[in-house]
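Peer 1: If you read the protein sequences in the order shown, they are chains Y and R.
Going by my numbering, 150 is the number at position 150 of the first sequence; the sequence numbering is gapless.
Going by my numbering, 117 is the number at position 117 of the second sequence; the sequence numbering is gapless.
Just so you know, these hints were derived from the structure itself, not from any lab.
If you want the footprint, here are the derived chain R segments under chain Y, 3+ residues with CB under 8 angstroms:
1. 78 to 92
2. 103 to 114
3. 141 to 155
Backbone N, C-alpha and C fix where the C-beta goes; we use that ideal spot for every residue, glycine too.
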Amino acid sequence: MIFENFIEQFPTVFSALNTGFLQTLKLFLVTLAGAIPLGLIICFGSMSRFKPLSWLVNGIIWVVRGSPLMIQLLIIFYFPGLVLGNNIWGSGETGRFLAASVAFVFNYACYFSEIYRGGILGVPRGQTEAGQVLGLTKSQIFFKVTLLQMVKRIVPPMANEIITLVKDTSLARIIALQEIIWAGQAFMKGSQGISGEIWPLFFTAVYYLVFSGVLTILFKKLEKKLSYFN
Amino acid sequence: MSVLSVENLSKSFGSVKVLRDITFSLEKGEVLAIIGSSGGGKTTLLRCLNFLETADSGRISVNGECIFDGPVKGKRRDEEIRQARLHFGLVFQQFNLFPQYTVLKNVTLAPTLLGRGTPEEIQEEARRLIHRVGLSEKADFYPCQLSGGQQQRVAIARALALSPDILCFDEPTSALDPELTGEVLSVIRGLKSGDSTMVVVTHEMEFARSVADKVIFMADGIIEEMGSAEQVFGNPRSPLLKNFLSKA
Numbered sequence: 001m002i003f004e005n006f007i008e009q010f011p012t013v014f015s016a017l018n019t020g021f022l023q024t025l026k027l028f029l030v031t032l033a034g035a036i037p038l039g040l041i042i043c044f045g046s047m048s049r050f051k052p053l054s055w056l057v058n059g060i061i062w063v064v065r066g067s068p069l070m071i072q073l074l075i076i077f078y079f080p081g082l083v084l085g086n087n088i089w090g091s092g093e094t095g096r097f098l099a100a101s102v103a104f105v106f107n108y109a110c111y112f113s114e115i116y117r118g119g120i121l122g123v124p125r126g127q128t129e130a131g132q133v134l135g136l137t138k139s140q141i142f143f144k145v146t147l148l149q150m151v152k153r154i155v156p157p158m159a160n161e162i163i164t165l166v167k168d169t170s171l172a173r174i175i176a177l178q179e180i181i182w183a184g185q186a187f188m189k190g191s192q193g194i195s196g197e198i199w200p201l202f203f204t205a206v207y208y209l210v211f212s213g214v215l216t217i218l219f220k221k222l223e224k225k226l227s228y229f230n
Numbered sequence: 001m002s003v004l005s006v007e008n009l010s011k012s013f014g015s016v017k018v019l020r021d022i023t024f025s026l027e028k029g030e031v032l033a034i035i036g037s038s039g040g041g042k043t044t045l046l047r048c049l050n051f052l053e054t055a056d057s058g059r060i061s062v063n064g065e066c067i068f069d070g071p072v073k074g075k076r077r078d079e080e081i082r083q084a085r086l087h088f089g090l091v092f093q094q095f096n097l098f099p100q101y102t103v104l105k106n107v108t109l110a111p112t113l114l115g116r117g118t119p120e121e122i123q124e125e126a127r128r129l130i131h132r133v134g135l136s137e138k139a140d141f142y143p144c145q146l147s148g149g150q151q152q153r154v155a156i157a158r159a160l161a162l163s164p165d166i167l168c169f170d171e172p173t174s175a176l177d178p179e180l181t182g183e184v185l186s187v188i189r190g191l192k193s194g195d196s197t198m199v200v201v202t203h204e205m206e207f208a209r210s211v212a213d214k215v216i217f218m219a220d221g222i223i224e225e226m227g228s229a230e231q232v233f234g235n236p237r238s239p240l241l242k243n244f245l246s247k248a
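Start from the sequences and build out the full structure, keeping to the hints where you can.
Peer 2: Written out as structure tokens, the structure reads:
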């Protein structure tokens, strides 16, 4: 009986979940594209020898890492409209996606920046000194000497964080972004002639599993690719 | 005119005076060995010459051109320091090769980034230097595939690639197993005949004695004794040096 329902409902649900997953994937990719470079800038700020800057940046990192991403999403989405009376995000799905992207990029950039910092500190001081005595400039030393060694060191913690991001995108549900959880939940309340069904919501987990599985394999490959030196 | 002349160089870390009024000079093609017990300031002196540390006061001149004249007013510009460094090469105790690059790329990296000739010229020169340190077959190997002695020979080729006026060695064999020190020392010995001016901080007394034109014995941040190898090893005057040599 239940199985018959499943067969009948599957095409409708599958297509709705795919649409939701596309939104999840978009948020994931935008977050990575923004947070990976922004994290580097935040990292340099937090390591700056100019103390006021490093204090400021470390303060921001503390606030962002120390409070729930869900609250950050709510504040970033609702604060301009409800408190300042100026909804800068615009209405509809586009506005929600924009607000969610800003919250995710900023939040993840702060986590990435700390991973980068660890990676930079993990490269032996002698590498920088070798670059210095060869007359290289600071940026040459960073890009040609330190960077790849740092990348090698940060692959495992970054993989961890990025797999967390896959699942964290579901938090955007709190501002009604129509990602995959939202899409699955819709069939409980009723959508496209299906209502009171919880299996679509449960089924969303399969998407996350497959996606994080693919990422795990990719990161293992990257790790292997960088294993030619130590 | 001396290739290198150091006058009254001093350096403190906090209240510890690591270098006190160090003064010496070196002629072209000469090899200077710096000996002494650990903590005597030998490595700090090399690091000051290479601007990895900034001396508190004193002068450093290369070929008559003053490249350091402390105490410094304000911060020296990065670019100025970078240019001054190019007079010196430094071979580290721990080699510090770039692990992600092959032997060849380690040697060509700096000349390429500094625009010292066409890629072909740089390659050719690098291969010549790698051959000179006896590692032609290893040009495409990565540092982790080499023994410590081989890595240190690559580090020497890397330093030579920029043809510095003065090549410095900071205890080049201290991190090596005893059976590997010989190959590195013979490469350094080979450079002497090639007219390189060198400053070698070393604990290898036999080597210092046979290769050095001039020997400095440092203790507690001062030059306790300085002279030719025969003088310093054959007829030491300072009691500290006599004591040091009897233990070495």
